[in-house]
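Here is what each chain is made of, one letter per residue.
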Amino acid sequence: MLQLTPAPHISSGTNTKKIMYSVILALTPALIGSVYFFGWRALFLTILSVLSAEVTEYLFQKVTGRESRISNGSAVITGILLAFNISVNSPWWLPVAGSIFAIFVAKQVFGGLGYNIFNPALAGRAFLMASWPSLMTGRWIAPNSGTLSGLSSITLDGVTQATPLSLLKLHQGESVIQSLNSPGMLKALFFGNVGGCIGETSALLLLIGALYLFIKGYADWRISVGYIGSIFIFSGILYLFRVSPVNPLFHILAGGVMLGGLFMATDLVTSPVTRKGRWIFGFGGGIICVLIRLWGGYPEGVSYSILLMNMFVPLLDRMAPKVYGGLK
Amino acid sequence: MSRTFIDGIIKNNLILVLAIGLCPTLAVTTSAYNGLGMGLAATFVLIFSNLIISAFRNIIPDNLRIPIFIVIIATFVTVVDYTLKAYVPFLSVQLGVFVPLIVVNCGILGRAEGFAYDHSPGYALMDGLGIGLGFTIILFVMGTIREILGQGIWLKIPGMFSGFKVFGEAFTNSSVILMILPPGGFLTIALLMGIFNLFRRK
Amino acid sequence: MDNLFLIFLSAFLVNNIILMRFLGLCPFFGVSSRMETAVPMGMSVIFVMTLSTIITWFLYQFVLVPLDLIYLRTVVFILVIASLVQFLELFFKKQIPALYSAMGIFLPLITTNCAILGVAFLNIDNNFGLLSSLVFAISSGLGFLLAITLIGSIRERLENAPIPDSLKGLPISFIAAALMGLAFLGFSGFMGLSL
Amino acid sequence: MKLLTFRGGVYLKGRKGLSKSSPIQPIELPEFVYLPLSQHTGSPSKPIIKKKDEVKVGEKIAESGGKLSVPLHSPVNGVYKGTQLYPHPLGGMSIAMKIHVDPEKTEPWERVKREVDSLSTDEIVEIIKECGIVGMGGAAFPTFFKLRIPPDKKIKDLIINGVECEPYLTSDYRLMMEKSDDIFKGIDIIRRVLKPDRVWIATESNKMDAADNMRESCASYPWASIVVLPTKYPQGSEKQLISAITGREVPEGGLPFDAGAYVQNVGTALAIYEAVNFGKPLYERVVTVTGSVRNPSNFLVPIGTPFDYLIEKAGGVVGKEGKIINGGPMMGIAQVRREAPVIKGSTGILIQNEKEVLKGEVGPCIRCASCVDVCPINLLPTEIYKVVELNDYERAEKMGVLSCIECGNCSYVCPAGIPLTQQFKVAKNEIQKRRK
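Protein chains in written order, with the numbering used here: chain A, 1 to 328; chain B, 1 to 202; chain C, 1 to 195; chain D, 1 to 436.
Okay, chain A solo, but in the shape it has when bound (with noise of 0.2 Å):
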């Protein structure tokens, strides 16, 4: 029998499997990461998240009688990272609801992988940030310095410590300040070593797996670069002006503007289609972002920005560029 498919006869190849399963390899090193700076309870809310994050997944396509795509991996990506925005010293289930948020409400009501509009983990943390504010931001403990101390205990001690952003914000004098524009925070900002959410501390292992998804393909550089680009030219101009007490190698360095603006902004499926779209995606969210940092009501605005930018994209994806020979 001869088989009658439509051209192309021939195919690259990708498929949608290996792509996700290439983002969940590019976010390896930062969740081993956490578990060096953070102890095993980072890889136990992780697994959590994931878990939770599929079994939504699965239960939804399984009731709504849908064919079920729970091995394609975008579950889990989902999971990892609602793991990666929270604190480490959470309880047990804010992983568990978050995921659940994130898969049911901002992902499989609106028709599952590829429809949804905002990126579900984001979604899933603003639902957190929204419903359990003081196990968002108040609940931060200092890294354990890879002493490795930490990989066998999960308990909930742990030193507090306010991170680098929430002590911007608090504004608490000169010292501080300084403090965090010397080289020294900058470098740990850079190898991890400081609090925050799980897997957002190291800008370094965050970008040796973008660097992959990039020479993949899998992400847009353009997006990235638009994003943190964004934020360092505008938070240096206000630096230069004395608008934001801090420079902006801080601001890019710190909180989750590596692992949103590497991770989440890049999100295939919320992103905009248009390399022309992808720039003034990426801008716009860092600017959005700086200017919830220095003025708006919450330390972080990593995740409102994308999540803000997300409802843009149906209108950046109609700026269709020029047709070849122009258009009648």
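To be clear, the hints were calculated from the coordinates, so they are not data collected in a lab. Ideal placement from N, C-alpha and C gives every residue a C-beta, glycine not left out. There may be inaccurate statements among the hints.
Cβ-to-Cβ under 7 Å is the rule here; a few derived chain C residues that face chain A [to be verified]:
(1) Leu-64
(2) Pro-164
(3) Gly-186
(4) Phe-190
(5) Met-191
Since the structure of chain A is provided, determine the placement of chains B, C and D on it from the hints.
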């Protein structure tokens, strides 16, 4: 006549079926008590405007009917507004601008135009009761869901009753605050409408 | 609260009239399934809102208050807005047909748009002066336009999404609005402005 | 130096190695040949002989059937068996003339000797028409018609297309290796008709030896230059080739001459040379038979030879037969019947065995925008696909679906396996239908 009443609750349910009067439904349902208060206030206006319009339907000139309806409705709204301010000031503050806004609830004008204007006062009364009750039930249910999930308590009446702790103390202390924030309102009505559609299809 | 910039920020973003204040939801969900209708609706709202704010503000300050007729404000305002809309409709039809064809079908819908009346009330409740009232009205209108444009584009994108049947149409739009509101929560506390 | 290329496109594995080194070889004649009356863009030809008539190689057997149409010539000596419905390699069944080949009679076509230099352009174009010449790169557009440029249009760039960007195919490559001198003589004739400012012979970087060979022949033609473009698909598409070389774009709905350019395939240049100089009609062509066959080859094939006969000549299928494709893997058409005949536009026959055939699993679009990046026309395939799915052809048209050249890039890169190109073909047909 009882048919009119039942239809008012289900078949013509303002929110679930006609999707009118959404603003107060979402805005004030942060607690069951507020929802109930809003529902009853609207029901009061519905019943009396329906009755009056129906009673005078033969002398209201056709081309002037809409402004006349509006004046009648606005009058009852003003009555409700001032009554609430006088007797339940706290509720009045909670409902805020949404009490005077009952006047633009398209549901009420819609019933005046679509039902009361060409039915006898008896039917108009039943319609007002049914529609009002259907509206009140939804507001109460929405308020209940949002209050229990969002605050961990149920039926709190400010100054009188501190509410039932439905899921126990631990839940009350870490309730889902989002549910009493604006997005929680959208989520709750989406959920109710989804469930309603599920049953309507069957 | 007379800082005009703060009034603008509050009305436009922090307390967005749709997503945070829940005013004007009927037209918001009613005509937002396509961008072609959503955008003109938003424009019409800005226009009517600004005009009605000017008229109701003057009426209130210079007629109702001096005559001690404050309790008549509901009746008076709604009549004013209804006749304003009627008048605009006739005026556009005769004088500016282009504008009529753009806004025409949306004007009658605006009478029962509680955002218009709501803004008139809120101006009084907040004791706004004329300028503040105007800024409040225009920025509320802009907030409406922003929200309806966004939801319009989002709903268009959802046109062929395999959404469960019982959630198609309004419910999924509510959920989209909920998530938009969630994102807008990022503005809460902006420059000290709270919900 | 500015890199000469076009926007979008994909880098494909060429797979030309399979048949690259196989020289063009004539084949034994089949028992029957089948000549569809519609082998070119335009109205079908009309038979002018009667059943049981004896025919000779090169004899005109059908005349031009309209303004945009060319005659058909017998590729063999034999007996005309009348017309019948027969599989058409572009899909479906169509009326074809069947000729029983007489293996005894081996005399070739009657050569005429012409004094080319004394011919007027009109005479040249008439000869090209009478010899039934059409574009041989696949489109099969009647060449005489294409050569008639409106007097107000000036051809600045004449581009000879030796790009052959489809993977697997090597027929143009072999022609450039073996017939470069004759191709240049053909180009010279085209040049005399069009009087362009510049002449470019374009090929891709994966055919360096062909480029070198052409360059040698080029030495005696100072007006021509060889351009080697970076290998990228679909460079051989007229529009892309024009913008790669000249930087100009053909306006939507326009023709190449609107951009001051004219593109002709190397094979057509050769056919023009043979027609004008010796009166040889287009009755045979080079066809690459490749893919999962034992001996991938480049054959000189009489038009009308059934595919299965050629596959047999190439050693038969390796593995279990999966697909037989008329053309290359990107734009070729999968055949329903293996006995479909070679027509004037057949560049190659690609055989895929069962394992090579794509599974065709379709998932939801994840908006990766790969299709946007590779579209040579700068369309947004993922967005257009959405509105086509909603049957909103009006919006699809506004988004430029009619400009789609059906190169297949979007489908090729789609990780979700969505048949984008196919949907656009359907949408284009639907829009054309509604216009009528």
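Against the structure, the hints come out as follows:
1. Taken as an interface hint, Leu-64 of chain C does not check out: its beta carbon lies about 37 Å from the nearest beta carbon of chain A, beyond 7 Å.
2. The criterion of a C-beta within 7 Å of any C-beta in chain A is met by Pro-164 of chain C, whose closest approach is roughly 5 Å, and the hint holds.
3. Restraint check, Gly-186 of chain C versus chain A: the minimum CB separation of about 3 Å is within 7 Å; hint holds.
4. The interface hint given for Phe-190 of chain C holds, since its Cβ lies 5 Å from the closest Cβ of chain A, which is under the 7 Å cut-off.
5. Proximity of Met-191 of chain C to chain A holds as hinted, the smallest CB-CB distance being about 5 Å (cut-off 7 Å).
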